[in-house]
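Chemist: One-letter residues, chain by chain:
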Amino acid sequence: MSTAIELKAVTKNFGNTEIIRGVDLAIPRGERHAVIGPNGAGKSTLFNLISGRYPLSGGDILLNGESVSGLKPFEINRRGLSRSFQITNIFQRMSVFENVRCAVLWSLGYKYSFWHRLGGLKDANLRAEEVMESIGLKARRDTSAGVLSYAEQRALEIGITIAGGAEVILLDEPTAGMSRTETADAVELIRKVSQGKTLIMVEHDMGVVFDLADKISVLVYGEVIASDKPQNIRGNKAVQEAYLGTEAH
Amino acid sequence: MSKLRYRPINLGRWLVWGITALVMIVLPLIFTSGFTLTIMSQIGVGIIFALSYNMLLGQGGMLSFGHAVYSGLGAYFTVHALNLISKGTFYFPVTLAPIIGGVAGAFFGVIFGYVTTKKSGTTFAMISLGIGEMVFACSLMFSDFFGGEAGIATNRVMGSNVLGITYGPAIQVYYLIIGWALVCMAAMYAWTQTPLGRMANAVRDNPERAEFVGYDTHMVRFLTLVLSGFFAGIAGGLSSINYEIVTAENLGALASGSVLIATFVGGAGYFFGPIIGIIVFFVMVTAVGGITQAWLFYLGLLFLIMVLYAPGGFASLILMHVPVIKARLMRRLWLPYAAAAITGVVLLAGLVSVVEMTYHYSAEADTNPGMALFGLAFNVTSYTPWAVAAGLLVGGFIVSRFAWKAVGKAWGEIILGLQERRA
Ligand SMILES: Nc1ncnc2c1ncn2[C@@H]1O[C@H](COP(=O)(O)OP(=O)(O)OP(=O)(O)O)[C@@H](O)[C@H]1O
Ligand SMILES: [Mg+2]
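Listed in order, the protein sequences are those of chains A and B. For the first sequence, the numbering used here puts the final residue at 409, and the numbers step up evenly by one. For the second sequence, the numbering used here puts the final residue at 435, and the numbers step up evenly by one.
Treat the hints loosely; a few may be bogus.
Stated by the list, open to error - Pairs of lysine-lysine residues, derived as BS3-like cross-links and limited to a Cα-Cα distance of at most 27 angstroms, are as follows:
{"id": "1", "chain 1": "B", "residue 1": "K130", "chain 2": "A", "residue 2": "K271"}
{"id": "2", "chain 1": "A", "residue 1": "K232", "chain 2": "B", "residue 2": "K131"}
{"id": "3", "chain 1": "A", "residue 1": "K375", "chain 2": "A", "residue 2": "K389"}
{"id": "4", "chain 1": "B", "residue 1": "K130", "chain 2": "A", "residue 2": "K232"}
To be clear, the hints were calculated from the coordinates, so they are not data collected in a lab.
Chain A with its partners taken away, still in its complex shape:
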């Protein structure tokens, strides 16, 4: 199995504070990988580094064997990596349909076209309808994204992330703030949309993590202290002390 994402001695400082302190991680293609860790451990920062939102302070990140460090977010996206945000990041003023369609345009090759009529783009419109169907927002097609409920916005967030058909998907706390039933729905949604793709997911809900993940990495103070199969993580002493123990209060 080839490696989808590889982090080599990745570091990140904000000013004098070192937030990511030398992370090595290799995630094979097709794996569902969860990153867990206490608040402020640097999980979102790690996502921001992988997706090109922040520049690295040191080390290197490879996507499908090629370095992507120093590339802009859109360049990394065009190479097949897409991400969602912990704080919902959608096109508030556009309808659900327009949100999703914006997210499929580039991948279908329409780029900066001003000679295609959106209404006539059968493939883009069909793909957008499919995505809306799969995230369960078909009934909300023409609703402004800004007035959706929180759970619906989170679903749309995932929809925008997967719409372009990226092979590597990063989800930052997709179920945070959701009720029990909403979480169960979200888990099924994530399972469905990550079928055959590489998924990296930051998640606090251990039920979700153990349900979905093939492998779990534990990030504490900017360092990966363990990276293993779920059952081994559960029994890992260091992890229990550093994280799982505190989680239980």
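Using the hints provided, position chain B with the ligands relative to the given structure of chain A.
Modeler: Frame of chain A; chain B with the ligands shown alone:
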């Protein structure tokens, strides 16, 4: 079965466009004076210019203080081209000459736009201002091309006569402008329905997310600006044919500011907003400007009121009534609206009196104290007219406030009613 929803041909849209075209074509047959034809020609050019401006402001979220650079340079290039054509240096039909302005506008869009569109927001606004000033300064330095203070003049009548069209009579120029205006309006509307047009909205609303779905926000803004420069250049080209002269004013800050005001007052959030804005603007400039020196003051006041109380412009004021009309609730608004109109007239009379009397007083109180307003002659140095004017202003304001409250209350009830119906 396909899951796609196929929309039937949009009848309403065809109707709106058809009526717009018809009105533009028929208007000069109703208003036959040369004066109205001049204004309507200006409005036609202004519509193209304002819609091109709104590609930046409304569609792309770029507040430009220097848009006249593109129309102005387009005008200069067209005027030089016309002079060369009439000398016989090369042949090009006058009917298509605005395209020369368009190409020039797009060209300078490429030159200036690459830097200006790197950032949006304040940075973009500041750089656009800087470039506007820079180009204006250049226009005074390179007088061979820009013609210095006098500008560059031309003659749009080339002697050649295709089907009787010489562009000698103003009516022919009007129809030339209307033809171009309709084509440009359709093209700019079509642009809003393309991938680039939609992504311009996306970049305006959330540039970060746009980058994470594969779009280079700089490129989206840049291409939008180039296209916008193209249409601005066409507007410039048309104005040079219309006036047969181009001066540095065409690319100056006043022209840039005017299109900003017109677009905003009309409503940058709607495609047709700038069209309303330009009509309001030229009515203010010509109708109000024709009777009082203080027209710029009134224009400024209108702009201020719109920014404060109707930031969506006239377009949003009109559109907010659509659901009310559909729900057949307009009858609840007529009374408060009538009250607001009547009290508004009193307030306006007071305001206009104070402004006009102040203007007159400061300008010629000693030499010519007599003045006339609303058909009444009086002495501006005596107390009575001031007392009356102040009374109208204050009294009008007080009664207006009651009317506004009534309007607000009626709207509150209507909104509540609409929400209940939806639920
Ligand atoms: N742009 C930034 N500038 C400065 N400090 C930052 C920045 N982004 C994150 N940090 C800091 O880095 C640390 C890690 O933040 P990060 O958001 O990555 O944590 P996290 O593991 O995602 O936490 P949570 O579970 O709360 O989402 C925090 O102390 C945070 O304050
Ligand atoms: Mg986080």
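Chemist: Does A:K375 pair with A:K389 here, judged by a C-alpha cut-off of 27 angstroms?
Modeler: Within the cut-off at roughly 4 angstroms; holds.
Chemist: Does A:K271 sit within 27 angstroms of B:K130, going by the straight-line distance between their CA atoms?
Modeler: 18 angstroms, holds
Chemist: CA of A:K232 to CA of B:K131, is that 27 angstroms or under?
Modeler: 15 angstroms, holds
Chemist: What's the verdict on B:K130 and A:K232, does the C-alpha distance respect the 27 angstroms limit or exceed it?
Modeler: This hinted pair holds, its Cα atoms lying about 14 angstroms apart.
In the structure shown, no violation is registered for any of the earlier numbered hints.
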